[in-house]
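Participant: Sequence:
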Amino acid sequence: MSGALSSAKEVLARCRQLSRPLVIAIDGRCAAGKTTLAAALQRETGCPVLHLDHFFLRPEQRTPQRLAQPGGNVDWERFLAEVLLPLEKGRPFSYRPYDCHTQSLAEPVSVLPAPLVVVEGSYSCHPALWEHYGLHVFLTISPAEQLRRIRQRNGEAGLTAFRERWIPLEEAYFQAFSLPGRCELCLDMEGR
269 MSGALSSAKE VLARCRQLSR PLVIAIDGRC AAGKTTLAAA LQRETGCPVL
319 HLDHFFLRPE QRTPQRLAQP GGNVDWERFL AEVLLPLEKG RPFSYRPYDC
369 HTQSLAEPVS VLPAPLVVVE GSYSCHPALW EHYGLHVFLT ISPAEQLRRI
419 RQRNGEAGLT AFRERWIPLE EAYFQAFSLP GRCELCLDME GR
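Note that this note's numbering has the sequence shown beginning at 269, numbered continuously upward.
Hints were generated in silico from the structure; no laboratory data involved.
Each residue gets a CB set at the ideal place from its N, CA and C atoms; glycine is no exception.
Do not take every clue at face value.
Ranges between beta-carbon positions, derived for each pair [what the hints assert, rightly or not]:
hint, residue 1, residue 2, range
1, Lys357, Arg433, 14 to 24 Å
2, Glu432, Ser287, 28 to 38 Å
3, Pro381, Glu432, 32 to 42 Å
4, Thr370, Arg433, 12 to 22 Å
5, Glu399, Gly426, 33 to 43 Å
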């Protein structure tokens, strides 16, 4: 059984113990497999998957004060208003993903409520969003394997950006909110 599939089975076993509808968050270290796990859950259940990468701050929102906050580089206010609150009410909704390449909002994505919805991405367990999930999953990986995967996925230039900027921001966020210890399910993705 593949690592993503075995991890998905572990998450689904935990989900079966919880009431529906259920929104789960998959947070964790970059390159630990958040997107891969979310895709495996989607294949197994047909659930919608929402990516927190679609909610990074737009350029005009990136103030020094905001970026100094742990987890402050994500637009959690918009994610809460446009996604989590409609999900709680069981209503269909749409949102416009932020496109980092064009630095603008893309065409709307429509989402229907479902018995299970997965939110994946770094910062998905931000304290402002925490209470809106029925299950919090944290994925971890060793620093050496993390860098190996980033190099393979993003090349040397990407690795430099992650090492110098994104990894330190994530680690500050994890530490500020004690995330690995707070999540109900913490999966070590080394070798998965």
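Participant: With reference to the structure, classify each hint as holding or not holding.
Facilitator: Taking the hints in turn, this is what the structure says about them:
1. Lys357 / Arg433: 14 to 24 Å: Given a distance of about 37 Å, which is not inside 14 to 24 Å, the answer is violated.
2. Glu432 / Ser287: 28 to 38 Å: Given about 43 Å between the Cβ atoms, the range is violated.
3. Pro381 / Glu432: 32 to 42 Å: Since the Cβ atoms of Pro381 and Glu432 sit about 40 Å apart, the hinted range of 32 to 42 Å holds.
4. Thr370 / Arg433: 12 to 22 Å: Because 20 Å falls inside the window, the suggested range holds.
5. Glu399 / Gly426: 33 to 43 Å: About 34 Å separates the Cβ atoms of Glu399 and Gly426, which means 33 to 43 Å holds.
Going down the numbered hints, you'll see the structure goes against 1 and 2, while the others check out.
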